[in-house]
Amino acid sequence: MSVAVIKRIFMADISANFLGIRSPNPYWLASAPPTDKKINVLRAFEAGWGGVVWKTLGSQVKNVSSRYSSVDYNGSRVMGFNNIELISDRPLAVNLKEIAECVRLFPDRAMVVSLMADNNRESWHELIKQVEDTGAHGLELNFGCPHGMTERGMGAAVGQDPEIAARLVEWVMEAATIPVITKLTPNVHSVVPTGRAAVKAGSHALSLINTIQSVTGVDLDTFVPNPNVAGQSTFGGYCGPAVKPIALKMLTTIAQDPVTAKVPVSGIGGISTWKDAAEFMLLGATTVQVCTAAMRYGFRIIEDLCDGLNNWMDEKGFRTLDDFIGRSVPTLTSWEELDMNYHIVANINQDKCIHCGLCYISCEDGSHQAINLSYGNPYNTYTIKEEECVGCNLCKLVCPVDNCITMVEQRHGDEYLNWKEYQRRGGV
Amino acid sequence: MAVQNNRLTAEEYEQRFSDIHPPFETRDAALVDANRCLFCYDAPCTKSCPTGINVPKFIKQITTDNLKGAAYTIFSSNIMGGGCAKVCPVEKLCEGACVYNLMEETAIPIARLQRYATEPAIKGQWRMFERKQRTGKKVAIIGAGPAGLSCAHALSREGVDVTIYEKEAKGGGLMTYGIAAYKVTPAFCEEEVSFITGIGGIDIRYNQELGKDILLSALQEEYDAVYLAFGVGLARQLYIPGEQLEGVVDAISFIYDIRNSGFPAVPVGDQVAVIGMGMTAIDAATQARRLGAKEVTLVYRRTQQEMPCTVAEMDIALLDGCKIIWLAAPAEIIGENGKATQLICHSVRLEEDNTGRRQPVLTDEKIVLPVDMVIKAAGQMPFEQLIYENQLHHNGGKIAVTGNGVTSINGVFAGGDCVNGGKEVVDAVQAGKEGAAAILAYLQADCHVSSSH
Chain A
-11 MSVAVIKRIF
-1 MADISANFLG
9 IRSPNPYWLA
19 SAPPTDKKIN
29 VLRAFEAGWG
39 GVVWKTLGSQ
49 VKNVSSRYSS
59 VDYNGSRVMG
69 FNNIELISDR
79 PLAVNLKEIA
89 ECVRLFPDRA
99 MVVSLMADNN
109 RESWHELIKQ
119 VEDTGAHGLE
129 LNFGCPHGMT
139 ERGMGAAVGQ
149 DPEIAARLVE
159 WVMEAATIPV
169 ITKLTPNVHS
179 VVPTGRAAVK
189 AGSHALSLIN
199 TIQSVTGVDL
209 DTFVPNPNVA
219 GQSTFGGYCG
229 PAVKPIALKM
239 LTTIAQDPVT
249 AKVPVSGIGG
259 ISTWKDAAEF
269 MLLGATTVQV
279 CTAAMRYGFR
289 IIEDLCDGLN
299 NWMDEKGFRT
309 LDDFIGRSVP
319 TLTSWEELDM
329 NYHIVANINQ
339 DKCIHCGLCY
349 ISCEDGSHQA
359 INLSYGNPYN
369 TYTIKEEECV
379 GCNLCKLVCP
389 VDNCITMVEQ
399 RHGDEYLNWK
409 EYQRRGGV
Chain B
626 MAVQNNRLTA
636 EEYEQRFSDI
646 HPPFETRDAA
656 LVDANRCLFC
666 YDAPCTKSCP
676 TGINVPKFIK
686 QITTDNLKGA
696 AYTIFSSNIM
706 GGGCAKVCPV
716 EKLCEGACVY
726 NLMEETAIPI
736 ARLQRYATEP
746 AIKGQWRMFE
756 RKQRTGKKVA
766 IIGAGPAGLS
776 CAHALSREGV
786 DVTIYEKEAK
796 GGGLMTYGIA
806 AYKVTPAFCE
816 EEVSFITGIG
826 GIDIRYNQEL
836 GKDILLSALQ
846 EEYDAVYLAF
856 GVGLARQLYI
866 PGEQLEGVVD
876 AISFIYDIRN
886 SGFPAVPVGD
896 QVAVIGMGMT
906 AIDAATQARR
916 LGAKEVTLVY
926 RRTQQEMPCT
936 VAEMDIALLD
946 GCKIIWLAAP
956 AEIIGENGKA
966 TQLICHSVRL
976 EEDNTGRRQP
986 VLTDEKIVLP
996 VDMVIKAAGQ
1006 MPFEQLIYEN
1016 QLHHNGGKIA
1026 VTGNGVTSIN
1036 GVFAGGDCVN
1046 GGKEVVDAVQ
1056 AGKEGAAAIL
1066 AYLQADCHVS
1076 SSH
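These protein sequence lines map, in sequence, to chains A and B. Per this note's numbering, the first sequence starts with residue -11, numbered consecutively. Per this note's numbering, the second sequence starts with residue 626, numbered consecutively.
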């Protein structure tokens, strides 16, 4: 008996086009250990990844042991991930040879190479020439690595100073003949100044965020922060699901700035699922880069990353990625533009309520004392005091039952009324 | 067919009586379940615990690796929290109330987590409670069971010196002598008693029986107060012909023998009938099976709807291969040569009485069970004689109390099974706490009276 293979037929097209760098899907592996050698990259391509950003080539480095640490939350491992690893410590010639082989074997996948040359024009020019000879499709400038390289005036030390960043981009643009992406560090007050400087200096695109400087924790027995390197530690780069909200905010500021909005962006920062990817794209990312999730679970996660995105696009009626890239950007506004007449109050569905009391205690101690407790043994009944409810969402957020608490619209007035108008009218 | 002991090898006994609810083997395993706990506010599990253990708090403490804190949270509400974690019918108490049940999801394994938190404290005999300065007051307690030990611990914490008179050679009461061996081992019971008395100020005098070795009147003279916690113990008679035949035993002494003499020493029949469907009936039936009985049949005169044991308990018996005959009322035990050979039951139907309760009504139909052993587990009787002799007010042999264990005799308090007629260990522990509070209030009032003179 033959086994029938059911091939799913998708309507949506998830292929990406980033400055002419084409990939069958928008998922690139970020510059990191999974992309530091041929054996990994070939397996990633076989698994279905759309592209890779080859781990940063440049100065001579040597790594230490240990290198990683993480933050767990309520029994869930690696909510946040931290590393003190440097750029590629393999010989440049080996990397270049392997890049060329990967490009030859998988011509339909994006091959971008991350670079961090020594701080002089010649070094950059020489490195760019060598990389372009491999057939790679694009260059990503690593102005973001927050540890090890910064002490030498490289990595984040570049990304934190728009002037230096601009000078380096100018050197790069003198030599580069393929698309150049500047990768931004989040270890700044705002990513926009460096982003603008890079774009004005000619960078074709931006990518963000690199990792965030962190101390993930302190061992309560040895009193040494982790990761422990012979009784000492150092600030590392934080990434993984914990940093996603920070990355989304920074991405939005790039998407809303008139200078940086003109170039495509590759979004990075805690992307683990297709949902994360869709959110990055809604806020302006053309492609997304993944690292921690792949390091944790392996390349196989690409299957649902593609499948889930495809199904969602079908459901929403999007035929291509361009149909929704940037779609949510205009909805993020400044606080004073928000409609003060919009008012919602919580409603508890008593049929779904499991009487855990989490809404009650969070509202009581953490919000506005707007939930009533009616004693029962063993199950209390909780109801909303609508007149006290400010519509903050806290109860809904903590409720463990899906759709048990809903927020019901009860507008204060029909018209749109923002803060400025509210003040102009004397606060009524 | 014969009633005989020593049916199995040492390995078989060990295997059949090994822990039925094994502990978490690793911290990781405990944390998976501990982290599922929602940390409910005014939690239904806590409200459903007779001793009111703050369950979400101790589970949260497990998740933060504060095991000492978790143990303290448990013991400060229930000093027998270790034993209760093994013997409580949690499916009708804390776990039965877990909000996950309302989501049709598996409840948090509270008992297993409680065991995880308490076992190191008991094994290591951690000193978790300090006594207050001695008050010079002395209290006598009758019975070193859950109620007596709980009362003693609560009094000792407040600086009262306690002497417990225990008729058996070991403490623990029902926990040590009345519960299936696969739930709790004698060794654990001893450790638990030492853990409780480790606070100091508690002197247990064993082999001292009220009414024989000691008299209430003497205790009243010697001590500032007396707490009666002697439990129940006598098995209810069936009052049917043949009850005196060889092979007819009561469940209380059957289980007592298993706990006291060791598995190989206890004789069991090939075909055993157990009368009753309470927790004790289940413990007797399952242990008869595990001791090597070929067939064990539980006989109950009502239906599953009315049975006193929990479904979880019944399932243990069914998984052990015990059979259940519902709606059967024992009428007679027939014997040959003085030995039981048949149990004759009336078939029963249930009819609602005028209170709406379904009452068994005998029919003409008879059920005949070939047996060589009959274990009676149709409830326990209070120690009525003790109560009459000491002129305590009572309700059908159960000591009558007002409030928190105040009896009809000034300075004499009571709690646990001798008051409630026989409930769970955890109920007795709570009664002991309440009794101690009443005694402390009494002693304090007494102080004021003395000082005013």
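Simulated from the structure, these hints should not be mistaken for laboratory data. Do not take every clue at face value.
[Stated by the list, open to error] If you want a taste of the chain A side facing chain B, the calculated C-beta under 8 Å gives, among others:
1. GLY63
2. TYR330
3. TYR367
[As the list claims (entries may be wrong)] With a straight-line Cα cutoff of 30 Å, these simulated DSSO-like cross-link-like pairs (lysine-lysine) come out:
4. A/LYS373 to B/LYS717
5. B/LYS1023 to A/LYS340
6. B/LYS964 to B/LYS717
7. B/LYS682 to A/LYS263
8. B/LYS682 to A/LYS340
9. B/LYS1023 to A/LYS384
Here a beta-carbon is modelled for each residue, glycine too, at the ideal position from N, C-alpha and C.
Structure-based check of all given hints:
1. GLY63: Given a least distance of 3 Å, the restraint on A/GLY63 holds.
2. TYR330: Constraint on A/TYR330 not satisfied, violated at 30 Å.
3. TYR367: With a minimum Cβ separation of about 6 Å from chain B (threshold 8 Å), the hint on A/TYR367 holds.
4. A/LYS373 to B/LYS717: 33 Å, violated
5. B/LYS1023 to A/LYS340: 44 Å, violated
6. B/LYS964 to B/LYS717: 39 Å, violated
7. B/LYS682 to A/LYS263: 35 Å, violated
8. B/LYS682 to A/LYS340: Holds. B/LYS682 to A/LYS340 sits at ~25 Å (cutoff 30 Å).
9. B/LYS1023 to A/LYS384: 51 Å, violated
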